[in-house]
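Protein chains: 2
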Amino acid sequence: MGKKIVIIGGVAAGPKAACRVKRLMQDAEVTIIEQDTLFSYGGCGIPYYVAGDVSDEAELRSTSFHMVRNEDFFENAKGVMIMSGTRAMAIDRKKKTVKVQNVASGEEQEVPYDTLMIATGSKPFILPIPGVDLDGVFTISDLHKAIEIKDRIARGKVDNAVVVGGGATGLEMAEAFKDLWGVKTTVVEFMPQILPGIVDKPFAAMLTKHMRDNEVDVFLNEGAAEIVGEAGKVVGLRTANRTIAADIVIMATGVRPRSEIAVDAGLQISPMGAIVVNERMQTSDPSIYAAGDCIEVMHLVTGKKFYAPLGSLANKEGRVAGDNMAGIPSTFKGAIGSFIMKAFDVCIGATGLSLDAALAEGYDADVALTAPSDRAHFFPTESIVCFQMVFDRRTRKVLGVQGFGPMGDGISARIDAAAAYISMGASIDDFGTLEMAYAPPFSAAIDTINAIAYVAENLCDGRLRKTSLESFLAWMEDFESESEWVVLDIRHLIEASPFVEKFGAEKWLAVPYSEIRARYKELPQDKILIIMCGSGTRSFEIQSFLDSVDYPNTLVVSGGLNMLRRMGVDWYLG
Amino acid sequence: MGKKIVIIGGVAAGPKAACRVKRLMQDAEVTIIEQDTLFSYGGCGIPYYVAGDVSDEAELRSTSFHMVRNEDFFENAKGVMIMSGTRAMAIDRKKKTVKVQNVASGEEQEVPYDTLMIATGSKPFILPIPGVDLDGVFTISDLHKAIEIKDRIARGKVDNAVVVGGGATGLEMAEAFKDLWGVKTTVVEFMPQILPGIVDKPFAAMLTKHMRDNEVDVFLNEGAAEIVGEAGKVVGLRTANRTIAADIVIMATGVRPRSEIAVDAGLQISPMGAIVVNERMQTSDPSIYAAGDCIEVMHLVTGKKFYAPLGSLANKEGRVAGDNMAGIPSTFKGAIGSFIMKAFDVCIGATGLSLDAALAEGYDADVALTAPSDRAHFFPTESIVCFQMVFDRRTRKVLGVQGFGPMGDGISARIDAAAAYISMGASIDDFGTLEMAYAPPFSAAIDTINAIAYVAENLCDGRLRKTSLESFLAWMEDFESESEWVVLDIRHLIEASPFVEKFGAEKWLAVPYSEIRARYKELPQDKILIIMCGSGTRSFEIQSFLDSVDYPNTLVVSGGLNMLRRMGVDWYLG
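So the protein sequences, as listed, match chains A and B. For what it's worth, the numbering used here labels the leading residue of the first sequence as 1, then goes sequentially. For what it's worth, the numbering used here labels the leading residue of the second sequence as 1, then goes sequentially.
Accuracy of the hints is not assured; some may be wrong.
The list treats identical chains as one, so a pair stands whether inside a single copy or across any two.
[As the list claims (entries may be wrong)] Simulated pairs of lysine to aspartate or glutamate, DMTMM-like, Cα-Cα distance not exceeding 25 angstroms: (1) K99 to D36; (2) K305 to D429; (3) K4 to D547; (4) K521 to D27; (5) K99 to D142; (6) K3 to E515.
Don't read these hints as lab results, they were simulated from the structure.
Sequences are here, hints too, so could you generate the full structure?
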């Protein structure tokens, strides 16, 4: 018999590494220790199981060729032993053994290893508030809980759901409750935006509006103070502002690395509690590897370690761990934090750094926005999409891209291309000439990713001067905040006139784009002209022209009305 | 008045450069000389206009905000003068003038320039066969021809259409004829495959099958010998094998650079007739720039110049020319040959080099194939997609990627990410860990692009031994060609049994994947086992296992039955 390889954890990274190492080293004795009886599942599919898109939980545990990945499957097809229902209690690094306990019987034994891998994943963070132990409070941390949630809904026990936390999992669960089951659903988020730390505020605002348009209540800046119960069961969630009725409360307040066994074994641990590994997924003990949601990884933009608990990374890390345990020195260099999410009819994606994150990291960061057609504007299926590009003014490097548009793979295409390019250090100039495959049903001759790079380049070179969407919105709330501003709306008159009528010509002027060259002398020279169009593109052209005729006091609203109205402003007309 | 900038050509690169340079240098006097009266249009949209997806040709000449880009638009909105209906006859580089002629009146004049740009585009290649001047023979070279074609169809004058040439434009036109108008349509291609030089044979075969499934006749290896006419009108197309009835014949046999004016002016020209430019789009005369379909560009994989007449590149090159004419030293480093096409319900895409091209270039090239789910296999909208990755065994660099799958943006997403990564020199190992944005509605935890990289890596490292789809198909035609081969079908018995029944157990054995470890001793040791599954993934696992138990004579069918049956083999069952 060959090397004894023991892997603690059987959800994603663990099984991936086990199968890979066995394939490379058929004489190895590979054992997975898993405390649960349900394992090797697609945890990211849980919201779709609850929503009913996936009808049976066994589908989440099946291969693409429809075999359930149970103990027999691993033994017969993969040659990998699974000790399920078995908890790993402690690692003895000197003796090279793992003490395990059968969860049902309490029986303990020692499992010897030559090489060990820790793939213990993450655990949900539970808010320290009263009521979290009430019946009806759930986390989305394993399949049993998902089955129980779906069962309660299907039995008609859930009329009101509250999701605590507006991260990706929380929002996906909210959609699941509302979309299939018609449950009255509320999302409560402590931060001033949903998807905090993932997208910037304008993108979060567009998604919030879409959630609300689909009758999901979203309360921002509201912390959950207490889960209210009656007779041991949840009846509501109390915040500082209100109490919301609830038969079910989903705690979707993030996850933390599950690293206790590594801590106890004296392995090196990061300040936030993740296991420290090198590029070969090796911990501070060369005989022990780790991968998945329990480790920290290198951020390919910042060059700093960060915590990225994602199923897609867990699988890649697991494969690299498997390689190395078999003696193939492959490496996992890091991650860039790519993100994509469906919400009802839209999708939102991001890669790299947000503007907030880039500024916090100390970059000389700025952001370009645009909202063009996602494919040839004459092609019938075209739609407006919104993109931003965060870049560093000093190095011209692109730091991050975010996108928002109709559901489909169009946003993915740009986010994925951007992720590949950014991870290789691409600049805004590289993005300007990036060759996106072109035909009218798929893209525009100047793809959105090129278009946003052009905006970034014009900004970086000082040719484009803009105001942010936030500043513009603040001014719309209080015109006196910028007393010299006046909008110059260059859209068609039929689009612009209602705004002139509503706000008055001293706040909102309309001169169509194609008439500016002839009529610019009508414009006030003692005001700051806030140039407005659909996406910001025409506005930049007009700014360039006005500069040349001594009207230098102009600012472009980057992203334009296409973005503003998707953010849900109440003053938008038409 | 500022610099005089004259641009010859008003379709794509010309207008883009004109608008850009004017924006950067508002005092410049920018003039476009265009022989046609219809200009600044999306030529790639012509098939969709003929198909009816685009109802009016003016949409192809409009901006995304619905203004027609005519002479007035350019003058008023862009500050650019268009001399339309005016042909550029000759360039006098010493005097810095262009001799032009009004097409209608024949009147000539000299237009002086400080900086000149040539954006004369391409001209269709016309086969030197009898009958090309008959009424009813068309190229897809300008809007007038497109209008005339659509008019004839709409008036019921077209029952039978023949497209000569199975390149992208020819196939898009064939779909247009068939899909909306129900015209009996035939594609005749001289080469042994459609999309020659763009995709490799297996991908061409899958598309050919789909075209035929949609009732477009496709004849390969058939040159057009003569266009047959009666009373001056087309009635058919004759090949060596047959005469096909036709009321209309579309010559879609490729394009050549339109560079006569540059040749006559003594500018440097490539062997195939394209204008030679540097990265700043400057010709051998520093006062003359060129961009678009009349130039050659650097191939970012081979490092050699090539001809890439694409609207998307023309726009990018035009912008770079505009920058440089305005004194901004931006560069266009080259292209990678990205390609995407819709055909009925599928799409096909490619970037970088095909296997044929890579071998012709002298790379130590090999190709990996796979056919997995395009998103989480448990998500309801998942579909099988087919991908290949061409790589260099010596440097491990990825040279090209091709994809085939259902219509949508999913193939684009992978092709675009691959284009970005390849253009930065990414290796198969980089592709293995490329972070594609993951959620079940968009991708699998191990994205197809990662999956195909894994296959490439296993191949490159000698762990995976395969046979090609072509070799396998040849054996299926003639079992004696490889007398020692026997298929080992490891799919579910319900899938495999009909094949065993049809071909006999001496040609087609079935042992399910999950039973091989227990039953491998049943397998013949004196044969070469051709391991078969859906995509090739399970086959590789089984090959690895069989190697370890002294069954080394195995080959995997890379791409598996998912690809084989999409190629339209007649022996496929179920």
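Q) Quick check: which numbered hints come out false for this structure? A) Of the numbered hints given earlier, the structure breaks none, since each of them holds.
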